[in-house]
Amino acid sequence: MTDRFDPAAADPRWQKRWEEAKSFSADSGSPKPKTYVLEMFPYPSGRIHMGHVRNYTMGDVLARYRRMQGFEVLHPMGWDAFGMPAENAAMEKGVHPGGWTRANIATMRAQLKRLGFALDWTREFATCDPEYYGHEQALFLDLMEAGLVTRKESEVNWDPVDMTVLANEQVIDGKGWRSGAPVERRKLSQWFLKITEFADELLEGLKDLDQWPDKVRLMQENWIGKSRGLKFSFRLAGAVVGGAPGIEVFTTRPDTIFGASFVALSPGHPLAEALAAENPDIAGFLAKCAAGGTSEADIETAEKLGFDTGLEVVHPFDPDWRLPVWIANFVLMEYGAGALYGVPAHDARDFEFAVKYGLPIRRVVATGPEDAFAAITEAETDPGVAVNSRFLDGMATAEAMAEVIRRAEAAGWGKGTTQYRLRDWGVSRQRYWGTPIPVIHCEQCGPVGVPRDQLPVVLPEDVSFDVPGNPLDRHPSWTKVDCPQCAGPARRETDTLDTFVDSSWYFLRFASQPANAPFDRAEAEQWLPVAQYIGGVEHAILHLLYARFWTRALEHMGKVGFAEPFQGLFTQGMVTHETYRSPDGRWVAPDEVEDREGGRLVERATGAPVTRGRVEKMSKSKKNTIDPEPIVDKYGADAVRWFMLSDSPPERDLEWSIAAIEGAARFVQRVWRLVGAAGGGDGSDPALDRKLHRAIAAVGAAIDGLQFNKAVASIYELTNAIERAAPSASRDEAIRTLVLLASPMAPHLAEEAWSALKQEGMIADAPWPSYDPAMLVDETVTLAVQVNGKLRDTVEAARGLAKEDAEALALASPKVQAQLGGNAPRKVIVVPDRLVNIVA
RNA sequence: GCCCCUGUGGCGGAAUGGUAGACGCGCUCGACUCAAAAUCGAGUUCCUAACCGGAGUGUCCGUUCGAGUCGGACCAGGGGCACCA
Numbered sequence: 000m001t002d003r004f005d006p007a008a009a010d011p012r013w014q015k016r017w018e019e020a021k022s023f024s025a026d027s028g029s030p031k032p033k034t035y036v037l038e039m040f041p042y043p044s045g046r047i048h049m050g051h052v053r054n055y056t057m058g059d060v061l062a063r064y065r066r067m068q069g070f071e072v073l074h075p076m077g078w079d080a081f082g083m084p085a086e087n088a089a090m091e092k093g094v095h096p097g098g099w100t101r102a103n104i105a106t107m108r109a110q111l112k113r114l115g116f117a118l119d120w121t122r123e124f125a126t127c128d129p130e131y132y133g134h135e136q137a138l139f140l141d142l143m144e145a146g147l148v149t150r151k152e153s154e155v156n157w158d159p160v161d162m163t164v165l166a167n168e169q170v171i172d173g174k175g176w177r178s179g180a181p182v183e184r185r186k187l188s189q190w191f192l193k194i195t196e197f198a199d200e201l202l203e204g205l206k207d208l209d210q211w212p213d214k215v216r217l218m219q220e221n222w223i224g225k226s227r228g229l230k231f232s233f234r235l236a237g238a239v240v241g242g243a244p245g246i247e248v249f250t251t252r253p254d255t256i257f258g259a260s261f262v263a264l265s266p267g268h269p270l271a272e273a274l275a276a277e278n279p280d281i282a283g284f285l286a287k288c289a290a291g292g293t294s295e296a297d298i299e300t301a302e303k304l305g306f307d308t309g310l311e312v313v314h315p316f317d318p319d320w321r322l323p324v325w326i327a328n329f330v331l332m333e334y335g336a337g338a339l340y341g342v343p344a345h346d347a348r349d350f351e352f353a354v355k356y357g358l359p360i361r362r363v364v365a366t367g368p369e370d371a372f373a374a375i376t377e378a379e380t381d382p383g384v385a386v387n388s389r390f391l392d393g394m395a396t397a398e399a400m401a402e403v404i405r406r407a408e409a410a411g412w413g414k415g416t417t418q419y420r421l422r423d424w425g426v427s428r429q430r431y432w433g434t435p436i437p438v439i440h441c442e443q444c445g446p447v448g449v450p451r452d453q454l455p456v457v458l459p460e461d462v463s464f465d466v467p468g469n470p471l472d473r474h475p476s477w478t479k480v481d482c483p484q485c486a487g488p489a490r491r492e493t494d495t496l497d498t499f500v501d502s503s504w505y506f507l508r509f510a511s512q513p514a515n516a517p518f519d520r521a522e523a524e525q526w527l528p529v530a531q532y533i534g535g536v537e538h539a540i541l542h543l544l545y546a547r548f549w550t551r552a553l554e555h556m557g558k559v560g561f562a563e564p565f566q567g568l569f570t571q572g573m574v575t576h577e578t579y580r581s582p583d584g585r586w587v588a589p590d591e592v593e594d595r596e597g598g599r600l601v602e603r604a605t606g607a608p609v610t611r612g613r614v615e616k617m618s619k620s621k622k623n624t625i626d627p628e629p630i631v632d633k634y635g636a637d638a639v640r641w642f643m644l645s646d647s648p649p650e651r652d653l654e655w656s657i658a659a660i661e662g663a664a665r666f667v668q669r670v671w672r673l674v675g676a677a678g679g680g681d682g683s684d685p686a687l688d689r690k691l692h693r694a695i696a697a698v699g700a701a702i703d704g705l706q707f708n709k710a711v712a713s714i715y716e717l718t719n720a721i722e723r724a725a726p727s728a729s730r731d732e733a734i735r736t737l738v739l740l741a742s743p744m745a746p747h748l749a750e751e752a753w754s755a756l757k758q759e760g761m762i763a764d765a766p767w768p769s770y771d772p773a774m775l776v777d778e779t780v781t782l783a784v785q786v787n788g789k790l791r792d793t794v795e796a797a798r799g800l801a802k803e804d805a806e807a808l809a810l811a812s813p814k815v816q817a818q819l820g821g822n823a824p825r826k827v828i829v830v831p832d833r834l835v836n837i838v839a
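Under numbering that gives the first Met the number 0, the residue at position 287 of the first sequence is numbered 286, and the numbers go up by one with no gaps.
I should point out that these hints are in silico values taken from the structure, not numbers from a laboratory.
Be aware that one or more of the hints could be misleading.
As the list claims (entries may be wrong) - In silico DSS-like links for lysine-lysine, alpha-carbon gap of 25 Å or less:
#1 K826 with K802
#2 K214 with K230
#3 K621 with K174
#4 K814 with K826
#5 K789 with K174
#6 K225 with K151
#7 K802 with K789
#8 K174 with K287
No experiment lies behind these values; they were computed from the predicted model shown.
Required output: the full structure, derived from the provided sequences and hints.
Below, the structure written as structure tokens:
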């Protein structure tokens, strides 16, 4: 056995052995209990980054631990391979997106393999494989047949110079990121998945996801945004305009109906558009509203704009009460009815609007009847008691709301309803590098699904990216097809699917990969739902919500027997690193910063001063990334893995530190030295035995709870105990067990040690050690002795000592006697085997 | 603006309402060495020269025999949503 563990030799050796033995290939036919451990699959952007290393290390520890516990584990890997960066690379470098993506996959696969992850590579696929996206197209057709796909007009960001549709992240300060031209809004007819039909189910389902972080559940709850309220129509007072006899509105506060002072329409409301057709001033106002940017900053600072249409509506509870109808830029067409009634006294936006345009502000809610005429200085949105509200006066807000809904429903002019913030999922992307939407547009028949025997609709390879826009659109032959229904000339849909569709069912394809179907139900149900899903919190809403929707849709169509795809979810923190900036605002890479005398920070190359910024997520733009590969070269996979798991709780951010990775590398050698010191010991060491059993229990519990930092700490404690112990048979057993406990985290070291200890087979196939619960407790305990809750002494006592004896023992302490000063204690509290508290 | 989370040594962090600071990093001193690296040993919350003792988990108040932990108010940092009626 060598003095030092040599990862450069050991890592590849064991990686090859695992691969040859197919150690981590999941067998769907195995009689063992099954479990599915999944980390969010990566986008093949070029190279693995530290965030990937952390994510996949965590999943790997759990997968290896479950295997040792006797589970048949499915732990697959693949590639979320469609997306914009590939097209950007195509435009910048003149390469084909497919070639670029495949090259990246090859690089990243090799990088992942060097980390020794226990992955089932036999199930690997990329979402850009026609074998994958062809099945996705079939699922899209299934959704169409189930009525869950719809076609609607929707606004997109249009770059008028590049003549192309931009994604939101391509719009910077309201301008196209390449052309710099001000972005316009354009309406396009696009495909939507009806996720809103599942809004309530998706909301209710959250309640059962008790192995998900509360934070994520709350974020999804807010995103779905359920609110109850009243929907009703105001009758127009004068002539009917635009064909509608009234204006439908939605409110969550029907109790404030007597505080209404105006009705406001969204600029996109059909009535507003009808009025604009006849009135150039209104048309001008609508144009002004449309000109505003769509960015957050624009919306935040946008001034409330309104236009009085001159129309009036009748108050539902008083035929003589007229309210003016305005068009207001803050009213959203997509929510509720696209119109609302304004109650300035009790809504912040309505208040601002009323102040600006001189509309009445009428108090209808107060803390009590005595405050009915208190002045309104700002919008008061808290519930209270109805005032100045006729038959509602004196009712609490909740009661008043119910009363208004009751009367509206009884009189038939309104209805209590539920509204959701959630919108249907627009899946059309005007891009090349995605799954082609399997639809053919026929002038006679309209949009028709591609016949299933013509799937997959394969992306054409002969495309060019020298002109902006979607190359599918201008492809000479690919677009031209015959209508499957009438055989007349038709045109292929050139939009591709949102890449979130690709990631909404990949976990099913990992579990089961038949050639003729997206998945095999029986086989998929062997594995799903995913027992533990691990990934970044940035996917808390969209990806996780879409995957939940997709799974529920499959369940509704009778294709799977479960509704939720991910039983357990864990969101890990980011890998961060310090940042530096030069005075002109340039980011400077941390390894180019030098600490000159007196803590003066300068850029090495130029000698220019730099300032230390915040510790931030590693990103290329901030120049604070660390490429994992050279670190693996230098320290070995196990040291990198160990570092990823130590110290920081996995849900929190982990700050990169070369000192910490050196510490991890030192620990790897420490274990190796202990292995070298094993053997030949005689006799037992009961104290060490106890510590060993405690460590087995603690490490297992920590991994079960995904508290890897605690598992690592327990392993350190055991290591310290072994090092301090004299040679014995107990110590040899402890060393052997230590290797087992560390093997999920440092598998190469563990294999090497296992073989050095002359153990049978590979440690990858060894069972997890068991512990004796009786060994977890000591025969003697240290009792804390407190006086008035302050620690004054500790005493050794036999476990299970009677209360009276413990009290006597504590009172015998000279320190206690000194505190008591001769007085008798007023009260004594004894917590068996823990403490005695004497109240003086 | 609304919703949510987090504040513990020099640093990352441990602590079923019951001995605060496990474990790691860093640092200090010592051993080994011609020397260094590696390794090993001791120490490391603060105040007090040291002992004794006192203080201490963002701040203030409360509940309790006992609070890092529970409740309230505040301060600071972070996250999500964002003109959602």
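Hint check results:
no.: 1; hint: K826 with K802; result: holds, 13 Å
no.: 2; hint: K214 with K230; result: violated, 32 Å
no.: 3; hint: K621 with K174; result: holds, 23 Å
no.: 4; hint: K814 with K826; result: holds, 17 Å
no.: 5; hint: K789 with K174; result: violated, 65 Å
no.: 6; hint: K225 with K151; result: holds, 23 Å
no.: 7; hint: K802 with K789; result: holds, 19 Å
no.: 8; hint: K174 with K287; result: holds, 18 Å
When the structure is compared with the earlier hints, violations turn up for hints 2 and 5 and for no others.
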